[in-house]
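Colleague: Sequence:
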Amino acid sequence: MNSAKLALIAGAFATLGEGLSTIAEALAIEEEDIAIERQSTELKNELKNLQKQIDNLTKEVRQLRKTLGR
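Add 81 to a position in the sequence shown, counting from 1, and you land on the number used in the working numbering.
Possibly wrong hints are sitting among the right ones.
[To be verified] Mimicking BS3-like on lysine-lysine, the simulated pairs with C-alpha atoms at most 27 Å apart in a straight line are:
1) 125 <-> 140
2) 147 <-> 125
3) 140 <-> 129
No lab work stands behind these hints: they were computed from the structure. Please read all numbers here as calculations on a predicted model, not as lab measurements.
Use the sequences and the hints to build the structure in full.
Modeller: Structure representation (structure tokens):
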């Protein structure tokens, strides 16, 4: 095998390695996007629960005011 063929093979492996690296980076970005989306959904659910608690407390305060005649 001469040096030109070895250079060609080495270039092909380098190109393949770069392609695999690019795919790995794309997958990492996709995983990060999924994690962010999951976290966003969890935060939205927490906010909904907090709003429900606020609404319930507001309702209780109104009922107490009625009971106390204010």
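Colleague: Next, verify each hint and record whether it holds.
Modeller: Results for each hint:
| no. | hint | verdict |
| --- | --- | --- |
| 1 | 125 <-> 140 | holds (22 Å) |
| 2 | 147 <-> 125 | violated (33 Å) |
| 3 | 140 <-> 129 | holds (16 Å) |
In terms of the numbered hints stated before, the structure departs from hint 2 and from no other.
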